[in-house]
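Hey, can you work out the whole structure from these sequences and the hints?
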Amino acid sequence: MPSTFSLQRSSLLRRTLAPLAYAWLVVAALSPRVPLQGQTNGASHRTAFAIGEQMVYDVKFGVFNVGTARMEVMGIDTVRGRRAWHTKLEIEGGIPGYRVHDILESWIDVETFRSLRHRQETVEGRREKTRVFEIMPERGVYREDDKPELPTVADPLDEGAFIFFVRNQPLDVGRTYDFNRYFIPDRNPVTVKVDRRQTMRVPAGSFETIVVKPIIKSKGVFSKNGRAEIWFTDDDRRLMVRMETHVVFGTISLQLREFSQGNVLH
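Residue numbering for the sequence shown follows our numbering, beginning at 1 and increasing consecutively.
With a Cα cut of at most 27 Å, we get these calculated DSS-like pairs of lysine-lysine:
| # | residue 1 | residue 2 |
| --- | --- | --- |
| 1 | Lys213 | Lys88 |
| 2 | Lys60 | Lys129 |
| 3 | Lys213 | Lys60 |
| 4 | Lys60 | Lys193 |
| 5 | Lys88 | Lys60 |
| 6 | Lys129 | Lys88 |
| 7 | Lys147 | Lys88 |
| 8 | Lys129 | Lys147 |
| 9 | Lys193 | Lys213 |
If you are wondering where the hints come from, they were derived from the structure by calculation, not from laboratory data.
Here it is in structure tokens:
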């Protein structure tokens, strides 16, 4: 029979590691609802990322390494006749007897940079669940698996799409942004404060960064009481080098371990 300490650790992982996958939404929701720099509505969007790009993170609870996270651009697919970026976000970790393995996949229209499809695969202990969202911005609706269609926002973005969208955006220190593009309307808005600049050292090296503080309408790691912070490189790449949130029993963080550049789409 598991010890009380083991059960407490499993409960902690369930309440911290697992919500990190959903929290990718907030990692990226950092700009007002405007076209990308140098672009107009309907134009092809310039991207700061490339096919084959991958970032790998250590997931830590305090000083202990409890898992790994990956962010990757898989390639270009076709969704309902539209060319779409295929991105993948993955978190894996846990302790003996309790594992967490969450995958978020996104298909993002190359021309309009709106979400077309989103897939969530979650394994938490013995629980497994897969959900697929078909997002149809031209009709203003989305559908989860075989459920009835529901309304979406005008320019919908899912968790993964938000992450890559923000990398083309300015982040002005001292400003606070309210964002309303998440594809499930009642999850909006996301509020983000661009707090400061800071030199940050992680396993991948030392980086000059911009630090942001996000808040969403949830009880998760980025709630008002979560005291979360995210460090992005203060350059054109806008790489996320660290994400940190304080919970009742300590601090959970993602720290960039390695990254590889991909091939730019022409």
